[in-house]
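Trainee: What follows is the residue order along each chain.
There are 2 protein chains.
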Amino acid sequence: MATEVAAGPDWQAWAAARRAEIEDVLSSRLPALPADDDPGRLIEAMRYSLLAPGKRLRPVLALAAAEAAGDFRDAGVLVAASTVELVHCYSLIHDDLPAMDDDDFRRGKPSNHKVFGEAMAILAGDGLLTLAFEWLADAGQRSGRPAAFGRAALALARGAGAAGMVRGQARDLGAPPPTSFEQLERLHAEKTGALFRAAVEIGAHASGASPEDAAALARFGDAYGIAFQHADDLDDADHPEHAARARQQMTALLTRATAALDSLREPGRAGALRALATALGNKTP
Amino acid sequence: MATEVAAGPDWQAWAAARRAEIEDVLSSRLPALPADDDPGRLIEAMRYSLLAPGKRLRPVLALAAAEAAGDFRDAGVLVAASTVELVHCYSLIHDDLPAMDDDDFRRGKPSNHKVFGEAMAILAGDGLLTLAFEWLADAGQRSGRPAAFGRAALALARGAGAAGMVRGQARDLGAPPPTSFEQLERLHAEKTGALFRAAVEIGAHASGASPEDAAALARFGDAYGIAFQHADDLDDADHPEHAARARQQMTALLTRATAALDSLREPGRAGALRALATALGNKTP
Chain A
1 MATEVAAGPD WQAWAAARRA EIEDVLSSRL PALPADDDPG RLIEAMRYSL LAPGKRLRPV
61 LALAAAEAAG DFRDAGVLVA ASTVELVHCY SLIHDDLPAM DDDDFRRGKP SNHKVFGEAM
121 AILAGDGLLT LAFEWLADAG QRSGRPAAFG RAALALARGA GAAGMVRGQA RDLGAPPPTS
181 FEQLERLHAE KTGALFRAAV EIGAHASGAS PEDAAALARF GDAYGIAFQH ADDLDDADHP
241 EHAARARQQM TALLTRATAA LDSLREPGRA GALRALATAL GNKTP
Chain B
1 MATEVAAGPD WQAWAAARRA EIEDVLSSRL PALPADDDPG RLIEAMRYSL LAPGKRLRPV
61 LALAAAEAAG DFRDAGVLVA ASTVELVHCY SLIHDDLPAM DDDDFRRGKP SNHKVFGEAM
121 AILAGDGLLT LAFEWLADAG QRSGRPAAFG RAALALARGA GAAGMVRGQA RDLGAPPPTS
181 FEQLERLHAE KTGALFRAAV EIGAHASGAS PEDAAALARF GDAYGIAFQH ADDLDDADHP
241 EHAARARQQM TALLTRATAA LDSLREPGRA GALRALATAL GNKTP
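First to last, the sequence lines map onto chains A and B.
Heads up, the first sequence is in our numbering, so the first residue is 1 and it goes up one at a time.
Heads up, the second sequence is in our numbering, so the first residue is 1 and it goes up one at a time.
Hints are computed from structural coordinates only; laboratory data are not their basis.
Backbone N, C-alpha and C fix where the C-beta goes; we use that ideal spot for every residue, glycine too.
Please note: incorrect hints may appear among the correct ones.
From the derived model, a few chain B residues whose C-beta atoms are all more than 10 Å from chain A [what the hints assert, rightly or not]:
# : residue
1 : Arg19
2 : Leu51
3 : Asp126
4 : Glu134
5 : Pro146
6 : Arg167
7 : Leu264
These stretches of chain B come out as covered by chain A in the derived footprint (C-beta under 8 Å, 3 or more residues) [stated by the list, open to error]:
#  : region
8  : 97 to 105
9  : 112 to 123
10 : 173 to 180
11 : 200 to 208
12 : 214 to 228
Partial list, derived from the structure: chain B residues whose beta carbon lies under 7 Å from chain A [said to hold, decoys possible]:
#  : residue
13 : Ala17
14 : Ala20
15 : Asp24
16 : Thr130
17 : Leu131
18 : Gly281
19 : Asn282
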């Protein structure tokens, strides 16, 4: 099928091209301000974390979903995909704060509050979160498809908010640590999985996927997101007792994820998503 | 004119009825969870600040704008108006944090982080901000008017974000204090005015106001928002040198605000907005 550009050996090139597009959107839509027009160095702080080198996995996932089910080349789709990175980045800045995980480094660089101070790090996070919804609403107006981008905003808010990622953070910081594998997986689903699912849903909605395709892609995102966190646990010293179970469960979740793709209207277009699932499954501790 | 229910002596009753509706929306749409399903007491923390007694001035303003120019009784309008309170409340929680203004009390009660800890206060704020955009997107889908609620979301994001309220916060915390009256007024416009303007725009867009009426209402919101902060300065010991000028400028801004209402398609429907402007103008130090 002509659109299956992302499967097999072309996958790396496809993902690299998408990452470059995402970097361009992030940098150009949040331009640097002259120092005397950037009070408190707020924009500089937002750009410092947002433009730090990263895999951009969540927006790439969103674009892979858009390719699988919709009009992947609409300019608004790229903007919509980028909003997931804004939200991911805000969550990292707030997570690193002294009152939260208290991390001095992120991606090999001093964390945001170590450079700009705690107050500005809180505000930079607030600004990035708000910007995500500004971009989605703006894309909805410009594209003339406000309903589609409204569905994307709803998916993002649900995945990122107090029933999703923020709930996972609250559980991680404020509730007893998980003792069973099931409790650990619930934490993964909230803290990490919810935003992965939202990424896939955003790609689907923004690209105009049918309701059936969007639902199938959401099932993929759900399973992929939890599998991603299990993969992370394979080399996580915090939960060594769960490592074997995590490997097993990761495999089962990835099987479920790819099975969801078979129910798409054109399963052959899901090459990029299949490649992402394969890459995750090949991860070794 | 039949719709002019809010002018004159009926104003107090009108505003009280709107406040009661807003309270009901806030409480019922963010229901308490059983303690064992509220990890970290996140939802309890969000409700603690959101449901603390308040004037609900911003959502009342949004509803007054909706009455002036649109279909004020659409259920989505009430939800949209309430989202401004979610954003106002998040900003208060984050402002009170030790790294920001370090306030132990808010509205006569211990501030959020004094009760729930800093980490949960950060997350409660994040959750409330995200919830605002969830409610707007949800109302857009349910009402079948996603373009109108998309415009409301755009206005909220612009007013609340790094070009509006968050920029004002960054200026207040990270830039030299204002020395001239003009600098003080710019700070007011960003820190307070931008969200007032957004409130009026949200009411206009969500209720289906025409572009011309929405623009006139935005001019009202702009001027009213800055005047509101000048009124606050009348009894603010921080800037005694500016008190006389603030009184003068407040009067000029309120004149400009009410003049904007004269260009509405049906100026007689703006009784509630005029009453709000009058009440502010009558404020004594």
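Trainee: Hints first: check each against the structure and report whether it holds.
Mentor: Here is how each hint holds up against the structure:
1. Arg19: holds, 24 Å
2. Leu51: Label holds. Min Cβ-Cβ 15 Å, cutoff 10 Å.
3. Asp126: For Asp126 of chain B, whose nearest Cβ neighbour in chain A is about 5 Å away, the distance does not exceed 10 Å, so it is violated.
4. Glu134: Incorrect as stated: the minimum Cβ-Cβ distance to chain A is 3 Å, not above 10 Å.
5. Pro146: violated, 4 Å
6. Arg167: violated, 6 Å
7. Leu264: Correct as stated: the minimum Cβ-Cβ distance to chain A is 23 Å, above 10 Å.
8. 97 to 105: Per the Cβ count (3), the hint holds.
9. 112 to 123: Contact hint for the region 112 to 123 of chain B vs chain A: holds, 6 residues under 8 Å.
10. 173 to 180: With 3 residues close enough to chain A, the hint holds.
11. 200 to 208: Violated, because only 0 residues of the region 200 to 208 of chain B bring their Cβ atoms closer than 8 Å to Cβ atoms of chain A.
12. 214 to 228: Result for this restraint: violated, n = 0.
13. Ala17: With a closest approach of 29 Å, the Ala17 of chain B hint is violated.
14. Ala20: violated, 25 Å
15. Asp24: With Cβ-Cβ at 20 Å, over 7 Å, it is violated.
16. Thr130: holds, 4 Å
17. Leu131: The hint holds - Leu131 of chain B has a Cβ within 7 Å of chain A, the shortest such distance being about 6 Å.
18. Gly281: violated, 30 Å
19. Asn282: Result: violated, 33 Å to nearest chain A Cβ.
In this structure, the earlier hints numbered 3, 4, 5, 6, 11, 12, 13, 14, 15, 18 and 19 are contradicted, and the remaining ones agree with it.
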